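Visitor: Sequence:
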Amino acid sequence: MGPKQQKGKDAKGGKGDKGGKSSAAAVNKKSGGKAKKKSWTKVKVKEKLNNAVFVDQKLYDRIVKEAPKFLNLTVSIVSDKFKVNGAVARKVLRDLHSKNLIKQCGDHHSSFTLYTGTQAKQTQEAAPAKK
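So the sequence shown is residues 1 to 131, counted in the UniProt record's numbering.
One or more hints might be untrue.
Distance condition first, Cα-Cα at most 25 Å in a straight line; then the derived SDA-like pairs of lysine to any residue [claimed, not checked]: (1) K44 to G86; (2) K58 to I77; (3) K91 to L49; (4) K81 to A120; (5) K83 to N72; (6) K83 to V45; (7) K65 to H108; (8) K69 to V53; (9) K44 to S76; (10) K65 to S79; (11) K99 to S76; (12) K69 to D80; (13) K65 to R90; (14) K91 to Y60.
Simulated restraints on C-beta separations [said to hold, decoys possible]: (15) F112 to F54: 18 to 26 Å; (16) K99 to V53: 19 to 27 Å; (17) K34 to D80: 46 to 54 Å; (18) H109 to Y60: 24 to 32 Å; (19) A120 to T41: 38 to 46 Å; (20) W40 to T118: 48 to 56 Å; (21) K34 to F54: 51 to 59 Å; (22) L71 to S111: 20 to 28 Å; (23) W40 to K83: 27 to 35 Å.
Since the hints were made in silico from the structure, they are not lab data. These numbers were taken from a predicted model, which means no experiment stands behind them. We treat Cβ as the ideally placed atom computed from N, Cα and C, and that holds for glycine.
All chains, please: the whole structure from these sequences, using the hints.
Guide: Following this line, the structure appears as C-alpha cells:
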C-alpha cells in the first residue's frame with residue numbers, strides 16, 4: 001500500500017484544482033460563458049469645414065485676382081482654395097464667366113461645369129517657348 005493522500009490536497013501538498021486549470025480560468029468559466037462584446041472599428045471623423053457663406057470685398061478681390069490663373073476651375077476647386085460654400089462658389093464662377101475672366105470648357109451641365117482661366121493658357125504657351 002502506498003502513502004495516504006489527504007482529501008482536498010494534491011500530491012505536493014497544496015489545494016488542487018480539478019483538471020489542473022488555473023483559478024483565473026475557473027472564474028471565467030463561472031461567469032456563464034458570455035461572448036465578448038463586439039468592438040467596432042473606430043471611424044476617423046473628418047474635420048468639420050468652416051467655409052464662408054458670404055463673400056466680403058477683400059475675399060472677392062482675391063478670387064478675381066487668383067482664379068483666372070488657374071488651369072482648371074470647378075465648384076469644388078473654388079470651394080477648397082478660397083474656403084467658401086459650394087453655392088457661393090457657383091455664383092462666383094458665373095460672375096467671373098460673365099466678366100470674361102474665365103471661360104467655359106465644353107457644354108454646360110447642371111451638376112458639373114468646367115472652366116479654365118484666361119490667363120492660365122498664356123502661361124502654358126510661354127513655357128514651350130522657353131525650351
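Visitor: Hint by hint, say whether it matches the structure.
Guide: Quick rundown of the hints versus the structure:
no.: 1; hint: K44 to G86; result: 24 Å, holds
no.: 2; hint: K58 to I77; result: 19 Å, holds
no.: 3; hint: K91 to L49; result: 19 Å, holds
no.: 4; hint: K81 to A120; result: 16 Å, holds
no.: 5; hint: K83 to N72; result: 17 Å, holds
no.: 6; hint: K83 to V45; result: 20 Å, holds
no.: 7; hint: K65 to H108; result: 24 Å, holds
no.: 8; hint: K69 to V53; result: 24 Å, holds
no.: 9; hint: K44 to S76; result: 22 Å, holds
no.: 10; hint: K65 to S79; result: 16 Å, holds
no.: 11; hint: K99 to S76; result: 21 Å, holds
no.: 12; hint: K69 to D80; result: 16 Å, holds
no.: 13; hint: K65 to R90; result: 17 Å, holds
no.: 14; hint: K91 to Y60; result: 12 Å, holds
no.: 15; hint: F112 to F54: 18 to 26 Å; result: 25 Å, holds
no.: 16; hint: K99 to V53: 19 to 27 Å; result: 22 Å, holds
no.: 17; hint: K34 to D80: 46 to 54 Å; result: 49 Å, holds
no.: 18; hint: H109 to Y60: 24 to 32 Å; result: 26 Å, holds
no.: 19; hint: A120 to T41: 38 to 46 Å; result: 43 Å, holds
no.: 20; hint: W40 to T118: 48 to 56 Å; result: 51 Å, holds
no.: 21; hint: K34 to F54: 51 to 59 Å; result: 56 Å, holds
no.: 22; hint: L71 to S111: 20 to 28 Å; result: 21 Å, holds
no.: 23; hint: W40 to K83: 27 to 35 Å; result: 33 Å, holds
Checked against the numbered hints above, the structure breaks none of them.
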